[in-house]
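J.: Sequence:
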Amino acid sequence: MAVAIKADAMKGARAQEAQDIQSLVSAAVGADPQRGDQVKVVVRRFEPESGETLPFYEAPWFAMVVRNGAALLAVLMVLLLGVRPLIAAMRGEKAPPKGRKRRKSGAAADEEDRDDAVQLALERALERPLDAVPLAGALPHRPEIPGADGLDIDLRRADLLSRQVNLAQRLVSEKPDSAVAALRQMINEPAPDGEPGSAAPGRAKAA
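The sequence shown begins at 181 in our numbering and counts up by one.
For the record, the hints were derived by calculation from the structure and aren't laboratory data. Predicted, not measured: the structure shown is a model, and the values here were computed from it. Honestly, I wouldn't trust all of these hints.
[What the hints assert, rightly or not] Derived Cβ-Cβ restraints for the label pairs, each shown as a range: (1) Ala268 - Glu232: 52 to 58 Å; (2) Leu256 - Pro235: 27 to 33 Å; (3) Pro213 - Ala193: 20 to 26 Å.
Where a beta carbon is used, it is the ideal one built from N, C-alpha and C, also for glycine.
Put together the whole structure using the sequences plus the hints.
T.: Rendered as structure tokens:
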């Protein structure tokens, strides 16, 4: 049997102290010289510990963290995929309708259709000939008077022009984007010469 003691602990020790340690160890282990038991105390220097550190994934705590994290993730998956739908089914809760997105897209399509209808109505109102629209209730019927036809036509045109301007202003205030697009399209595409509605783009630009 051999007993090793660090040199720092035995620094400055006398030979008698080493002998005492040897006797103490012999008595502790029950050494018997008659049986050939030998106890020897040797003072040696230990090699210094290396300063290399292990990677974190080789540390003892890393495996424990991985196990606990996997267990927690499994519990969460069970709660979300199994327990939660079961509780919702027991309470009678209904899943959100899948057609909600479709309804939203349908509402957007309806809005676009309304914009197109407003733009078309504005174009028709501004391009309509002044003489083609009867003014119901605009002016009372008057007996035919020589020389009054020109005045009647001028009054009708003035009243219709006022109606068209009011309609254009109302459409511009309600749907400015559609109104501007219609006006630009009418200005960029003038009517052919000689048609009754050829003056409409000029009136639209003035409005």
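J.: All hints are to be evaluated individually against the structure, with a verdict given for each.
T.: Consistency of the hints with the structure:
no.	hint	in the structure
1	Ala268 - Glu232: 52 to 58 Å	holds, 55 Å
2	Leu256 - Pro235: 27 to 33 Å	holds, 28 Å
3	Pro213 - Ala193: 20 to 26 Å	holds, 24 Å
Going through the hint list in order, the structure satisfies each hint without exception.
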